[in-house]
Each structure stands twice: as structure tokens, then as C-alpha cells.
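> As they're listed, the protein sequences go chains Z and W. Just so you know, we're using the numbering used here here: the first sequence kicks off at 23 and counts up by one. Just so you know, we're using the numbering used here here: the second sequence kicks off at 27 and counts up by one.
The hints are simulated quantities; they were obtained by calculation from the structure and are not laboratory data. Yeah, the Cβ is synthetic: ideal placement off N, Cα and C, and Gly gets one too. You may find that some hints are simply not true.
What the hints assert, rightly or not - What the simulated footprint calls covered on chain W by chain Z, stretch by stretch (three residues with Cβ under 8 Å from a Cβ of chain Z suffice, anywhere in the stretch; the number is not a length):
(1) 191-201
(2) 263-276
Stated by the list, open to error - What the simulated footprint calls covered on chain Z by chain W, stretch by stretch (three residues with Cβ under 8 Å from a Cβ of chain W suffice, anywhere in the stretch; the number is not a length):
(3) 194-200
(4) 330-337
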Amino acid sequence: MIAPISRRAMLAGGAALGAGLVSGVAEARILPRDMVPLIGPGYRAVDQDEKGLWQLMERVEEEVSGSNLLIKDPRLTSYLGTLIGNVGGPAAKDMRIYLARIPEFNAVMFPTGFAVIFSGLLLRMRNEAQLAGVVAHESAHFLRKHQLRQWRDARRKTDVFSFLAMGAGVAGGAAGIYAGDLVQLAQLGTILSLLRYNRTLEAEADAMGVRLLAEAGYDPTAMSETWQQLIGELDMSAKYRRKKRDRDFSLFSTHPAPESRMADLRISAAEAKLPGRSYDAYRDRYLAALSSTRPTLLDDQVKLNDPGASQYVINTLAKDGWNGLLRFHEGEIWRLRNRSGDDVRAAQGYAASILYADAPADAWRWHGIMLLKQGRSTEARAAFAHYLKMAPNAPDAPLVRQMMAG
Amino acid sequence: MRRLGIALVASIALAGCVQTRQYADVEFAPPQGNYKLLVMRPDVTVGSVTTGGLVEPRADWTETARVKLLAALRAQQAERGGNVLILDRRDSLPGVDPDTIADLERLHYAVGSSIALHRYSGAYLPTKRNKGLDWTLGEDAVALGRRTGYDYALFLHAEDSFASTGRVALQVIGVAGCFVGFCAPNIGGAGQFAYASLVDLRTGEVVWFNVLQAGSQIAGIKMGDIRTDAGAAQMVDRLLDRMKPGRHVRRRQAEAK
């Protein structure tokens, strides 16, 4: 026989449960020094649930490693391998990185220790320290067993919720009251609590990333710079579309708000730096490794036709100095948007590009076309001649020759 | 109380079910006699259903089930007279690059998803009406057939899951609740899902497709278990042993009688 429970007592209990699950919205910063690796070198799955997860992930890795989206440039892949060796902590030798040609700012770590980095991320990084920061954040997910802990958290919370919901139903049934509202409240509490745990793990990865970065001799402030860039880009992208970036901190977010991440990262970086030790951003090394891939990355970004974001990315990269490649793609942004007045801006971009020695052949081609449109045919002919000299076997070479003649 | 009992039994009877639904090319004749069949690496997952209803993959169960399913498949095909090669791994077909196999698997995944969407999920296409099964893997499949001499390729996917102790306990409370007026007799969550897809390597066409679902809505009651010899044989039987010929073939057979 179940003791009758009053509706009021049950509602109070449920509200307390809900409140308990979602309380602590202002999450405290996680300290880099607390972030010790939970696994050592050569780690393999130990528990039953983890073994199941690993088996599943082995199939996923097989698919990822064979995907035709991967950029397989051997120089770049070995470079990424070195990076994970630098900031991978005890698992440095066990982790794998795959580079996928997807023009978005993202990277994903899988529970078995392989990461997928999107090419859009490579485009946005100004130096090796910034990229190593992202790699360090992803390694931290593996070193702190985040996916497994998240799975266990989800399993435990849904287990508890199911028993409570069933118990509330049965108790309510016995007492003759309806417990549905209460169960829904508890369900919402469970969902919010799962998302909150996810944000905690992201904050952990940020804190540990800073630590790994500093330990490897990279300037750990690079991570907060990355977030500053992301915020700036999202703002610009929204502004060009006459929208506002969604900046409300939401209980429903899987990641902490970019602003609070940036602030926490900045404080953590100051904390992680040892007095007297020198930290470097390794910009030259990064540019050398990326040199043959960057044109493709810029091209992919510009073709997204998101002028605000593209312009911001190019301006950010140009903080380290303009060059012909960046100016050319600046012109491309406006040519592709093609609103009134954009042709003038595009022409300016191409004209600026060809002043640099590294201007791509296409910059000369488009510069010529723009000159031709303005009726400056002699100058156009010179530009086309330069284009043909650089790209004599271009598919449109006969057409360009005809334009020069006509 | 008696009426409740009757209702429970009725709901249990309704809740446990095994369903298959197959589609075939209008001209499909089930392979018989001395044919050569290539079974692509079967995709098997077995898990445990947690109290909260999540499926937790189990490495040991999956491995056992995979071995048992392959053995059952071999036995079933031997009965039908087929010459079978089961690909354990992508590189176990001599003379064929594992990437070629991987590409074909991915292609089939895309085509199979399209079949699932337009034949099983209700998004019917007017252009496919009355055409039986009208999908193809195209030249890639034909090329594989020509190179290896196989007549058919079979793609297999199987999932099975079992209620954990916690889930069963939850079910017991749910059933017990019926006596106090809060009835949750079928929280379910465990069961089997499998599909098989037969591709004619001489034409590249998907000639036959079958989907199997087996499960009970009452956690703890199993409708099959592919971790056992008998259970694996049962799934192979349910999924593959009742191939129906295509519509035109059946009509001609009826006319001939």
C-alpha cells in the first residue's frame, strides 16, 4: 500500500528537483592546473560501455579515413601530425587527425582519439599557436574522457528520470492525482542538466587546452584570440545580412557563450604562463605549411557567398600584411555578390592584387576584364598578356586571345 | 480486476510482433540452383537498452552476433544451392581493391536510404508507382560483377537490443501500476531491426529489398536473439528465406497454371 501524498507536497518536491538540476547557471571558470589527463599513453577501452563505444567508433573512423572529402596533401597531414605530437599530452602518439575539406569553423574529437578538422578552421588561423590551441582543446576531450563521461552522465540522468517519472505516475495514480505536469517539469530539468554538463566539459577542454598549449611553448593567449575572431566574424556576417547575431546565453546551448569562453581563456592563459619562459606563435612555420593549400581554402570560403564573414576573414588575415592572394579574393567577394556598385569594389580588389608579386593568374585575368569594361583596352591587353604568360594552358586561353585581338 | 487482466493480455498480444515487408523488381526471380553470391561485409550492432531507454552498444554481443549470423547465412545459402563468398573485411575479395568495395558500400548506402525513404517511410514517388523496385547501383556494380564473376551482391544490416535489468524493473513497476490506476504496460525499447538488399551484378539493379522488425512493447520479452545459433538462423530465415518473385513473374506463373 502506497502512502497517499498530497498534490502540494509532490509539486514542491518536483520544483525542487527541477531547480536543483538547473541551478548554477553562472558557471565558475575551470582552472587549467586542475586539468590533469585521465589517460596515459597507449590507452585502450577498459569498461564494457567504453568497449562498445570504441567498437562503433572504429567503424566511424574507417569511414572518415576513406572519405573523399579529406585533403590528403602529405606535407599538410604530416604537419598536423606534428602539431598533435606537440600538444597531445600523454596520448600524443595515439591520436590521429583528419583534415576534411569543409569551409566551416569546426573541429570534432571522437572517443577513440581521432579528430576531424574542417578546412575552414585552417583558413581562419593566423599562426600555428592558434591552430595548436584548437588541436589542444580537442586532445583535452580525449585526455579527459569527455565522450565517455558524457555518455555515462546521459545514461545516469535518463535512468533517474525514468524511475522518478514512473514512480510519480504510480504514486499519483494511487493517490488519485495527475502527475503529468510534474513529470514534464522533471523531463525539462533532465534535458537542461544534460546540456549544462556538456557546457562544463567544453569549459574543461578550454582550460586544459590552455595548459597543453603553454606547456608546449606556444603563446596560450592564442586561444582567446581565436574566439575574438569568431565573435567578430559572426557579428560581421549577421550585419551584412541585416540581422543580429544570436548572443543570448541560452540554457539550451551545448557550448558556453563565445564571450564568456573568450574571457575565461584570457584569464587562464595569463595563469598558465610561467614567468621567465618565452612563448611563440610560430607564424612563419604555419604559413609555410599552408602555402599550397591557402588559395583553395580562400576560394571555398568566398564561394559560400557570405560577404560579411569572408571580408572579416580576409581582413583578419591581412592584419599580418596584405598580399596579392588576399586582395584578389577580396575582389572576388564583391564580384560574386554582384549588387549595384560591387563591380567597382571588385575592380579595386583586382587592381590592388596585381601590385603584389604573388598575385594569382586569375587576378590578372579579372583585372583585364574590368579594364575592358571601363574602356581601357590598351591596359586590358597588357593585363591579358600577363595572364597568358602565367597560365598559357588555361582552358579559356583562346577566348582571352580573341578578346585581346578584338 | 478481471477486465484489466483481459486488457493486459490483449495489449501484450498486440505489442509483440514480427514484421517484414519486401519489394522486388517486377521481373525478379529468386536466385536458384548454381548461382554465385557475394555477401558484402554485414553491418551488425547489438546493444543493451538502459533504464532510461538509451541503447548502449555492446562490443562482445556484437562480435558474437556477427559470427553467428554469418554461420547462419552460410547454412541457409548452402541449402539453396548458392555459391557464396562472405566478405569479412573490405579487403577479403581477392584481386579487388578495398576502396572499390568501400565505394560500392557507400553507393549502396545512398541508394538504400532512398529506397527506405520512398518505399517504407511514406514519401512515395509518382514516377515509381507500379514499378516494383526500380533502383540501380549502375555501372560500378556491373563492373564488379564482370571482374569477379559473381551474379549477385547481398547487402545486410542487422541491429538487436535487449532490455537491461533496470529497464525490466521499470517495466515491472509500470505493469504493477495498472493495479492502482496508472498503467504503463508497454514501455518497450528493445528489439530487432534488419534489412537486406539484393543487387543483380549483371544489370546493376537492386532487384529485391526486405526490412525486418521484431520486438515487443514489453521490456524483457524477446522476439529473437541473434547472439544465439537459433536466433541468428531465425533472423536469416525471416529476412531472406521467403523471397517473393516480382509482380510480372508472378502474373505469368498464375497464367501458366
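> So, for every hint listed, does it hold in this structure?
Verification of the supplied hints:
1. 191-201: holds (count 4)
2. 263-276: violated (count 0)
3. 194-200: Since three or more residues must qualify, the claim that chain W covers the stretch 194-200 of chain Z holds, with 4 doing so at under 8 Å.
4. 330-337: violated (count 0)
Violated hints, in rising order: 2, 4; the structure is consistent with all others.
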